[in-house]
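Based on the sequences and whatever the hints tell you, model everything.
Listed here are the chains, written in short residue letters.
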Amino acid sequence: MLLLALDTATPAVTVALHDGSSVVSESSQVDARRHGELLLPAVDRVLADAGLRLDAVTGIVVGVGPGPYTGLRVGLMTADTFGLALGVPVHGVCTLDGLAYASGIESGPFVVATDARRKEVYWARYDDVRTRAGGPAVDRPADIADEVAGLPAVGAGALLYPDTFPDARAPEHVSAAALASLAAERLAAGEELLEPRPLYLRRPDAQVPKNYKVVTPK
Amino acid sequence: MADSRDEPLVLGIETSCDETGVGIVRGTTLLADAVASSVDEHARFGGVVPEVASRAHLEAMVPTIERALKEAGVSARDLDGIAVTAGPGLAGALLVGVSAAKAYAYALGKPLYGVNHLASHICVDQLEHGPLPEPTMALLVSGGHSSLLLSADITSDVRPLGATIDDAAGEAFDKIARVLNLGFPGGPVIDRYAREGDPNAISFPRGLTGPRDPAYDFSFSGLKTSVARWIEAKRAAGEDVPVRDVSASFQEAVVDVLTRKAVRACKDEGVDHLMIGGGVAANSRLRALAQERCEKAGIRLRVPRPKLCTDNGAMVAALGAEMVARNRAASSWDLSADSSLPVTEPHVPGHAHGHDHDHVHEVSKENLYS
Ligand SMILES: [Zn+2]
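Taken in order, these protein sequences are the chains called W and Y.
Quick note: the first sequence, position 143, residue 143 per my numbering, numbers continuous.
Here my numbering = 1-based position in the second sequence + 1000.
What the hints contain is simulated information worked out from the structure, not anything from laboratory work.
C-beta atoms are modelled at their ideal positions from N, C-alpha and C, and glycine is treated no differently.
All the given hints hold, so there is nothing to weed out.
One-sided and incomplete, this derived list gives chain W residues near chain Y with beta-carbon spacing under 10 Å:
hint, residue
1, P41
2, L54
3, A79
4, T81
5, A85
6, R197
Cβ-to-Cβ under 10 Å is the rule here; a few derived chain W residues that face chain Y:
hint, residue
7, R34
8, H35
9, R53
10, G83
11, P204
This is the structure we're talking about:
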């Protein structure tokens, strides 16, 4: 087994190779505005570090969010197209599950929250590092304060709103290494993973920009 | 004549607006033109909603690539390159296509060519009428662009002579259709009504046609306001709006200015060919009047079939094939989507070999549209 895992649902552009027993190589950069530019060079680097070529990969693992849409799509489109070109399966994993898995919190319950912008968080509640108890959902921190009261929380969304998440902890961002390890574990156990489809959790803003189709710069 | 098998086999991806296009060409021969459109999802908003378009691109991309390969009867392994619209266009929508093209090229071990959407609109005519004459004068008219471009070499030298200073021509069609309650998009339906109307019934203004106005720039905003006011006055007076005559007279005002300026540009620059592209090139009156005026001026008119005029992947593949044929530098893996890529940059070469182009880049940013 050789899994290529990637996630662009948070400000992190993260890529890892996993051979079924451990992570072979990985790369993580944090730059919320350059997912499109950073992802392919990161894949290339991770493969080069392992001395492998892309066609050795037997499956793709991709974080399906939730996450801000534009960046999220970069990872999903890349994973889909790799799958098509290589003829290998593409597995989806909830990005928050990757954060939960990497949290190292030994006994639950706990919460994972990422930044959904617009003063909201994407969040889910976990019984332990492998078991999501509810969600994911998108909410304003103040609106879920009662539900998460007293629970440890990981992720940038938790660190951003200390009033709601007083026990906020690292990791801040998801790592493809954690995503790959979780996926490898589940695949080995014969579990089905998610379809590689985005978890947007919000309807599109149906606003037509003023010069809606203008593609000629002025 | 060279064996066509020697010509580059290129797959092109286009996602700058609401069409997910994947085309495959061999040199100047069209092999496949697969398009999935999200236009119906935008209709109720009266315009393209960027986030709706981007979501649709992600869904449609892989099936559309598969459909194009099947239609062309070729294997992805045999491709000589992958081309993609790097800009201009809607940023989020472009990024989906660029991500797909990069991943596809990387996985297949093929060179990647990020190309310019406007240059692609011109280059697509090679699939219809054979190699472009050099230089070529091009009039690009759609919901997003109204430009007069002069190209001496479609892979390296495209010069903007003029462009709209406000609305694009296709945008004006959409807005007037909205005022007339004819739905979205407005181009085809106005064309249809106009066929039964009198183009001289109402005299609407011709923007920027005065002696002191810029010779090649366009303006459709004043026309749009004038038509809307005329319609509202009729309604206020309790009279029926003659939809056919309004459509015909409005359309005539648009195509009169477009063709007049395009023919003048050909004469001024000594160019004996005019190509018209973009969605509005499907307009029957624009085609007829352009034909008439070009004949009178001794200019050969080249207009691709309507399906190649609207946004599609074949046009991107056509320009990509030309990049391969002329040994232009491929793009690098960190290629980004550039929503305002200048028309003077037909492609986005990788930085490793791009010193000449970097220079062009600096110069063009200053001179463009100033
Ligand atoms: Zn276009």
